[in-house]
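Residue numbers (our numbering), protein chains in the order written: chain A, 1 to 493; chain B, 1001 to 1482; chain C, 2001 to 2095.
Heads up, some of the hints might be wrong.
Unchecked claim - Covered by chain A, per the in silico footprint, the following chain B stretches (three or more residues, Cβ under 8 Å): (1) 1089-1099; (2) 1136-1145; (3) 1232-1240; (4) 1308-1319; (5) 1416-1423.
The set of hints was computed from the structure by calculation and includes no laboratory data. Since the model is a prediction, treat every value here as computed from it, not as a measurement. We put the CB at the ideal spot given by N, CA and C, even for glycine.
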Amino acid sequence: MTAPAPYDVVIGLEVHAQLLTRSKMFCGCPTTFGARPNSQTCPVCQGMPGVLPVVNRRAVEFGIRTALALGCRVNEACRFARKHYYYPDMPKNYQISQYEEPLAEDGVLEIDIDGGPRAIGIQRLHLEEDVGKLLHEGTLETAQASLVDFNRSGVPLMETVSRPELRSPEEAAAYLRAFRAVVVFLGVCDGNMEEGSLRCDANVSLRPRGSARLGTKVEIKNLNSFRNVQRALEFEVRRQAQALDAGERIVQETRLWEADRAYTRSMRSKEYAHDYRYFPEPDLVPLQIDRRWVEEIRTGLPELPRAWRRRVVAQYGLPPYDAEVLTQSRALADYYEAALREWEPAAAAAGDRPKMVSNWIMSELLRVLPGDDERAIQSSPIPPRHLAGLLRLIEDGTISGKIAKDVFQKMFASGEAAPTIVGREGLTQVADEAALSQIIASVMAANPKAIEDFKRGRTAAAKALVGQVMKATGGKANPALVNRLLEDKLSQT
Amino acid sequence: MHRPIHELTDAYRRGDLTPTAVAETYLARIDALDGRVGAYLTVVREQALAAARESELRWRAGAPLGPLDGAPVALKDVLCTVGVRTTCGSKMLESFVPPYDATTVERLRAAGAVILGKTNMDEFAMGSSTEHSAFHPTRNPWDLTRVPGGSSGGSAAAVAGALAAGAFGSDTGGSIRQPAAFCGVVGLKPTYGRVSRYGLIALASSLDQIGPFAQDVTDAALLLGAVAGHDRRDSTSIQAPVPDYSAELRKGIAGLTLGLPDEYFIDGMDPDVERAVRGAIEVLKGLGARIERVSLPTTKHSLAAYYVILPAEASSNLARYDGVKFGLRVPGRDLVEMESRTRAVGFGAEVKRRIMLGTYALSAGYYDAYYGKAQSVRTLVRREFAAAFARVDLIVAPTTPNVAFKHGEKEDPLSMYLNDVFTIPGNLAGIPGVSVPCGFGATGLPIGLQLLGRPLDEARVLRAAYAYEQATSWRSRRPDLA
Amino acid sequence: MIERKDVEHVARLTRLALTEAELERMREQLNSILAHLDTLRAVDTEGVPPTSHAVDVVNVMREDEVEPCLSQDAMLANAPDRSGEFFRVPRIIEE
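Given these sequences and hints, build the entire structure.
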């Protein structure tokens, strides 16, 4: 969407990522999703009288890892702060977050959009605790009561605030995609927007084209998918443009995106509701981030998705779309390269091989695996070298592509290598011209009507003949060869 | 029968007394007399007797857990005790039963202490007289028309009135030391971070500490030793090892330099208090200590700084009391109404006042002028103590400017706040302090001498207190409750 | 000087329902206390950093290990209004 003339669009995104730690931010309760309500809580995460928080080191490590991947400066010292507001999903009626001294600042995230790559500034990255879940008996508007589940309360959250440098809803969606790819790749977050492990709020304002002064910004909440981010922002930009065109003033407020009704609705919260009364958390001591720890984490950073994609496209000639799919997770990207290297140790753009590996992963492997995450990939019954082995057999004509798909299923079920299965079941492709010619001849003799149809222009008839030949060979005939021989024979009739 | 814990355990060892007999005696005394004193909110008779029986078995087997095994103690109702209601002196928590023990309570149980019950306090530890308990006031065993001090008035009165052999309280601005002085017992506030705050219902997180009330300094050392030390559940708790406080007690004070701060002898002080404290200083000199003047100029601003910091942190800590998950709930047509009514009914006037003050101090536009400023003044207070301790080993001063006043005498909040003017600086600086009896006023009410030490120097503080105590006999005088 | 509307605002922020009489009394008492607290302005704190912790401890962190939780029943035992496995609260009206 281009910005509605005569306005420039200014968007900033705040992304909250739930960190993949085993235990919560400030206590030892587990973070697993989907447990029975209020069964993963303790006095600390329920904010009972007398309890105290203790920082989870791995959450800090994940924060540092992400900060480094985003080119941020990891601060020498950081502190936690209390952020006060009343809501029943927040046990203490304050959230332990970070305010004046966050973990990291001043980073950048590169996004790819139609016009080319852009670098979007990241203002800050900090750690905080998540809140519980509210269920309403009905909708929020009609419910007479609400129910609270504190399982999620205390789960570590990493909040990243972008600079207001996104210029369109499309860029915002691209930013979110790129951000998700980074955190999933780093293994710090599972990026599941449906389950709420990745959440996004946006700040949108419009200003006259070319003006330096920022317009009034509106906060948009409840953006729970990439698509909704884009749709909500498109709506909001239109709404603000219409209002400004009509000479109205934009109210600084928070609006909720209602996906079903495709509009943003004012939450009517007045400014004073946001007096968070921040002060340094007295129950937690400052963190002085050891530089050696930071360097250790930096050394352990994997190649990030964007860099991986660029390299793979350049090195192997893989289409960008494939590279994008393969960087859904680090495990998947690693699997791809491992399989390719097994087949082609030089791992250069050697003909069709890089694309074949990619095709088989995308259309076959991902279909049978329970997920694309590390655990799913590592527990795959088909390790990279087995896939490579299968593809080798296709390339050298030992089996047809169709047979290979069956073999693949069998490999998945048994964990055996392709040659073993092919050998045992006699699936080797029939590529003997003489033998095939004979079979074709008998099929043609048995189907005179098909030949008539073909001569009259019905090319489908030829396909039927091919089918008969394949049937006669138990599917093992080399299809390309069958087609050629059949074509020759048909043209001779 | 009112013997200090160390004499009780000697008797257990010799077989002259048993933990059960002693527990029974205390429980009977509580039954008979606490109606008049009001030291207790909850007495856990069955639990106490069960613990006493177990202690007795250990003593008989010659395998006591340590110097507190079988010691009957009381706990200020600000400490969470599993399965036993913990009210914090407030209607808000009248029905709250914690599902966990505070670390201090765990350690006391592990030491074999016999917990008799939970004692009365000013609501949410806000007060200096225990008149602000939502349930009933506590009365000073020396004169039942007077207050025992606060906020740990119940624990102080229990020890003074022989309703417990020892007790624990909490001190945020003097809430152990001041009632100890008013009730003529020993009261110790440790260095901030020396005793775990896990399970202590928070008032002001950067000021609160748990500490013992005792009949004598020997007991205070034992009680502190049982609970002090690092706790991984409290991020502000200190790693430093805990010395054997008892071993250091008898070292004496010859050669120590004691600082006498100019600012702690103020106009309007009770002349009896000044006289008693100066008399104590002469005793200390006689024991070989050198006295030097020190100046702590920011003392006069400590009260103001404290009354910004405390309400600010307290307003935050008390935000969780909203009728949602535990405690009182007053119905409302919607959530906000329910919460607002619950807090209006559940909190008393003093608590509401401080919550309002604290919320205001933290609110937009006022942070720098109040909270920020107060925390900087606090730094000055710390620096002044540090500079003084470069020249002296301990600071000696009165604990309070007055003796126990009559119930209802201090209605005005500001005049109540002035009770803590000598104890507050120690909390701002996070240093250890003890109050030890040093005489009586004309009205027969006890007076306390305060000793303040360097961070983590409880051993020296106790040693000086011990030397003074042993050179005098104030502790042999007891209130006559019967 | 605290005005009546400031008192109301603060009471709302901190969810305290105060009666008319209480609001007025609160205003008076807060003003008198604040007058006393304003004496802090006179203290020269130029270049003096604030103390947020009275103890010089840094970097206290715990390992990422799961510890046993309390049971549902233990956690819900104090609930003023328990609905099955949940805490129940009256309806939430957005301001």
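So, going through the hints one by one against the coordinates:
1. Counting residues of the region 1089-1099 of chain B whose beta carbon lies closer than 8 Å to any beta carbon of chain A gives 4, which reaches the threshold of three, so the coverage claim holds.
2. For the region 1136-1145 of chain B, the stated coverage by chain A is violated: 0 residues have a C-beta nearer than 8 Å to a C-beta of that chain, whereas at least 3 were required.
3. Counting residues of the region 1232-1240 of chain B whose beta carbon lies closer than 8 Å to any beta carbon of chain A gives 5, which meets the minimum of three for the stated coverage.
4. A count of 4 residues in the region 1308-1319 of chain B with a Cβ less than 8 Å from any Cβ of chain A is obtained; the coverage claim is therefore met, three being the minimum.
5. Three residues within the 8 Å Cβ limit are the bar, and the region 1416-1423 of chain B against chain A gives 0, so the coverage statement is violated.
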